[in-house]
Amino acid sequence: DAALKRPSARRLRKGDIDLESSAEEEINDMRGRMIKAAEADAAAHDAGQPAFHKIKMLPEVTAILNRNTHMQALTDPDINLLEAVRFFLEPLNDGALPAYNIQRDLFAAIAKLPINKESLIASGIGKVTLFYTKSKKVEVHIKRQAEKLIQEWTRPMLQKSDDHTK
Amino acid sequence: DKDVARPTRGAVSFANADTAGLDEAALEDLQLAFGDGTDYDFALDAEM
Numbered sequence: 001d002a003a004l005k006r007p008s009a010r011r012l013r014k015g016d017i018d019l020e021s022s023a024e025e026e027i028n029d030m031r032g033r034m035i036k037a038a039e040a041d042a043a044a045h046d047a048g049q050p051a052f053h054k055i056k057m058l059p060e061v062t063a064i065l066n067r068n069t070h071m072q073a074l075t076d077p078d079i080n081l082l083e084a085v086r087f088f089l090e091p092l093n094d095g096a097l098p099a100y101n102i103q104r105d106l107f108a109a110i111a112k113l114p115i116n117k118e119s120l121i122a123s124g125i126g127k128v129t130l131f132y133t134k135s136k137k138v139e140v141h142i143k144r145q146a147e148k149l150i151q152e153w154t155r156p157m158l159q160k161s162d163d164h165t166k
Numbered sequence: 001d002k003d004v005a006r007p008t009r010g011a012v013s014f015a016n017a018d019t020a021g022l023d024e025a026a027l028e029d030l031q032l033a034f035g036d037g038t039d040y041d042f043a044l045d046a047e048m
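Those protein sequence lines, which keep their order, are chains A and B.
Under this note's numbering, read the first sequence as residues 1 to 166, first letter to last.
Under this note's numbering, read the second sequence as residues 1 to 48, first letter to last.
Any given hint could turn out to be false.
[As the list claims (entries may be wrong)] Pulled a few chain A residues facing chain B out of the computed Cβ check, cut under 8 Å:
hint: 1; residue: R67
hint: 2; residue: G95
hint: 3; residue: I121
hint: 4; residue: F131
hint: 5; residue: K134
hint: 6; residue: K137
hint: 7; residue: M157
[What the hints assert, rightly or not] Derived EDC-like pairs (lysine to aspartate or glutamate); straight-line CA-CA distance at most 16 Å:
hint: 8; chain 1: A; residue 1: K134; chain 2: B; residue 2: D39
hint: 9; chain 1: A; residue 1: K136; chain 2: A; residue 2: D78
hint: 10; chain 1: A; residue 1: K137; chain 2: B; residue 2: D45
hint: 11; chain 1: A; residue 1: K134; chain 2: B; residue 2: E47
hint: 12; chain 1: A; residue 1: K117; chain 2: B; residue 2: E28
hint: 13; chain 1: A; residue 1: K134; chain 2: A; residue 2: E90
hint: 14; chain 1: A; residue 1: K136; chain 2: B; residue 2: E47
hint: 15; chain 1: A; residue 1: K136; chain 2: A; residue 2: D94
hint: 16; chain 1: A; residue 1: K117; chain 2: A; residue 2: E83
hint: 17; chain 1: A; residue 1: K134; chain 2: B; residue 2: E28
hint: 18; chain 1: A; residue 1: K117; chain 2: A; residue 2: D78
hint: 19; chain 1: A; residue 1: K112; chain 2: A; residue 2: E152
hint: 20; chain 1: A; residue 1: K137; chain 2: B; residue 2: D41
hint: 21; chain 1: A; residue 1: K143; chain 2: A; residue 2: E90
hint: 22; chain 1: A; residue 1: K137; chain 2: B; residue 2: E47
[To be verified] What the simulated footprint calls covered on chain B by chain A, stretch by stretch (three residues with Cβ under 8 Å from a Cβ of chain A suffice, anywhere in the stretch; the number is not a length):
hint: 23; segment: 18-24
hint: 24; segment: 31-41
Treat the hints as calculated values from the structure; they're not laboratory data.
Every residue, glycine too, gets a C-beta built ideally from N, C-alpha and C.
Bound conformation, chain A alone (with noise of 0.2 Å):
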């Protein structure tokens, strides 16, 4: 109730942004628990325990990435949920990859989102989806897609800059 009913006054500080509304504060406050899922999840997989952390978290993390409204907070560099979505899709320190649930939900989930040149420089999510692309342990359609999004998010990276009138 407290959290519905936020005075303006109160404000979260992330670097020098002003995280106003509710909304990117929970984008902000997922992005820190994802964070610390993908951490102990590299934990516990190190010390040959079983890596749930991530997992649990997938349902709540795809029902927001899959939300229709707030699509500029989620891709928004400052706030950088993106780079705990690459968390989560990293492989691990001896290549291990996170489950396949987690690697078709966002995938699916991340190409629905307007994902820019500043979101991927921020992110690193482009860095992981090339790494998909390459590996030999992915899945066929996981690596299709992955391909699919390279291709989209090149594409206007890849206008010559005097080739306009083409």
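Given the coordinates of chain A, assemble chain B onto it according to the supplied hints.
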């Protein structure tokens, strides 16, 4: 040796995209966005 450290132009394949003719800034953006293609080599090496 002034050009030695410059990223290799067009050497990184982005889903077979044609990077020829792009200016320096555009190539730099591509590299910032997608890396130089070696970021996850540790994982690819582990697949061998």
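Quick rundown of the hints versus the structure:
{"no.": "1", "hint": "R67", "result": "24 Å, violated"}
{"no.": "2", "hint": "G95", "result": "3 Å, holds"}
{"no.": "3", "hint": "I121", "result": "5 Å, holds"}
{"no.": "4", "hint": "F131", "result": "4 Å, holds"}
{"no.": "5", "hint": "K134", "result": "6 Å, holds"}
{"no.": "6", "hint": "K137", "result": "6 Å, holds"}
{"no.": "7", "hint": "M157", "result": "6 Å, holds"}
{"no.": "8", "hint": "K134(A) with D39(B)", "result": "12 Å, holds"}
{"no.": "9", "hint": "K136(A) with D78(A)", "result": "33 Å, violated"}
{"no.": "10", "hint": "K137(A) with D45(B)", "result": "12 Å, holds"}
{"no.": "11", "hint": "K134(A) with E47(B)", "result": "11 Å, holds"}
{"no.": "12", "hint": "K117(A) with E28(B)", "result": "11 Å, holds"}
{"no.": "13", "hint": "K134(A) with E90(A)", "result": "13 Å, holds"}
{"no.": "14", "hint": "K136(A) with E47(B)", "result": "7 Å, holds"}
{"no.": "15", "hint": "K136(A) with D94(A)", "result": "14 Å, holds"}
{"no.": "16", "hint": "K117(A) with E83(A)", "result": "14 Å, holds"}
{"no.": "17", "hint": "K134(A) with E28(B)", "result": "22 Å, violated"}
{"no.": "18", "hint": "K117(A) with D78(A)", "result": "13 Å, holds"}
{"no.": "19", "hint": "K112(A) with E152(A)", "result": "11 Å, holds"}
{"no.": "20", "hint": "K137(A) with D41(B)", "result": "14 Å, holds"}
{"no.": "21", "hint": "K143(A) with E90(A)", "result": "14 Å, holds"}
{"no.": "22", "hint": "K137(A) with E47(B)", "result": "8 Å, holds"}
{"no.": "23", "hint": "18-24", "result": "holds (count 5)"}
{"no.": "24", "hint": "31-41", "result": "holds (count 7)"}
Comparing the model with each numbered hint stated earlier shows that hints 1, 9 and 17 do not hold.
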